[in-house]
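> Using the UniProt record's numbering, the letters of the sequence shown correspond one by one to residues 1 to 214.
Be aware that a few hints might be false.
Claimed, not checked - Think about it this way: if two alpha-carbon atoms lie no more than 30 angstroms apart in a straight line, the pair counts; the simulated DSSO-like pairs of lysine-lysine are:
1. Lys-159 <-> Lys-86
2. Lys-159 <-> Lys-127
3. Lys-158 <-> Lys-127
These are computed hints drawn from the structure, not numbers from a lab.
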Amino acid sequence: MPAFGHYYVDVADKIKDILDEYPAGAATLREILQNTDDAGGTIQRFILDTRDDPVSGELVDDTLQRCNGPAILAVNNSTLSESDWKAITRISKSSKKEDERSTGKYGQGFCTVYHVTDNPHVLSGRKLLILDPNEFVNGSTGLIWPSSNGSSTEYDRKKYPGHMRGFDCVPDVHDDDYHGTAIRLPLRQSDSHSRIKSTPTSTEDVDSMFDNFI
Numbered sequence: 001m002p003a004f005g006h007y008y009v010d011v012a013d014k015i016k017d018i019l020d021e022y023p024a025g026a027a028t029l030r031e032i033l034q035n036t037d038d039a040g041g042t043i044q045r046f047i048l049d050t051r052d053d054p055v056s057g058e059l060v061d062d063t064l065q066r067c068n069g070p071a072i073l074a075v076n077n078s079t080l081s082e083s084d085w086k087a088i089t090r091i092s093k094s095s096k097k098e099d100e101r102s103t104g105k106y107g108q109g110f111c112t113v114y115h116v117t118d119n120p121h122v123l124s125g126r127k128l129l130i131l132d133p134n135e136f137v138n139g140s141t142g143l144i145w146p147s148s149n150g151s152s153t154e155y156d157r158k159k160y161p162g163h164m165r166g167f168d169c170v171p172d173v174h175d176d177d178y179h180g181t182a183i184r185l186p187l188r189q190s191d192s193h194s195r196i197k198s199t200p201t202s203t204e205d206v207d208s209m210f211d212n213f214i
């Protein structure tokens, strides 16, 4: 009897192909702004955090120390719905395409953030998502907590405070239930070993992005 098989998709390779269809620079910020509109947000803030704060022993995996350097933060006043969370992790599908009131493309459009980062962090409500399409950590394409299956008995955002430190400049972000959405994009470094994009992103590059966006 034949064995059943499956298709396998290299997520990093797929995102690399998607980036060829989306311009870099200020267009990334416009995509985020559109996604904020999707989620019903009325306020959008972009922040360049230039701090370099390496930590050890407070992370799920020390490989993620790469994420504690300079970063872009995009903060809005809406909380992600379950469909939004799913769309962010479905790179080839948008949950918004049939909603005529929506202008953004959560999912494929969100992938524009990979022009500047390898590990987007998304914090909203009680969830923190760290995406890892390069599978730097334990062969997984992402981490989310508290876990959606209810297996986590401890609020892991407090158990691993190193991941939250990068959000310190966001008001009320340390509340157990954060009423808003904060997206943190650690800037890609020259030694990232990324399979998505080899070009690093400097704070000067981000200054130029902000100027062009304005």
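> Does each hint hold? Answer for all of them.
Status of each hint after checking the structure:
1. Lys-159 <-> Lys-86: 25 angstroms, holds
2. Lys-159 <-> Lys-127: Satisfied, since the Cα-Cα distance of roughly 14 angstroms is no more than 30 angstroms.
3. Lys-158 <-> Lys-127: Within the cut-off at roughly 12 angstroms; holds.
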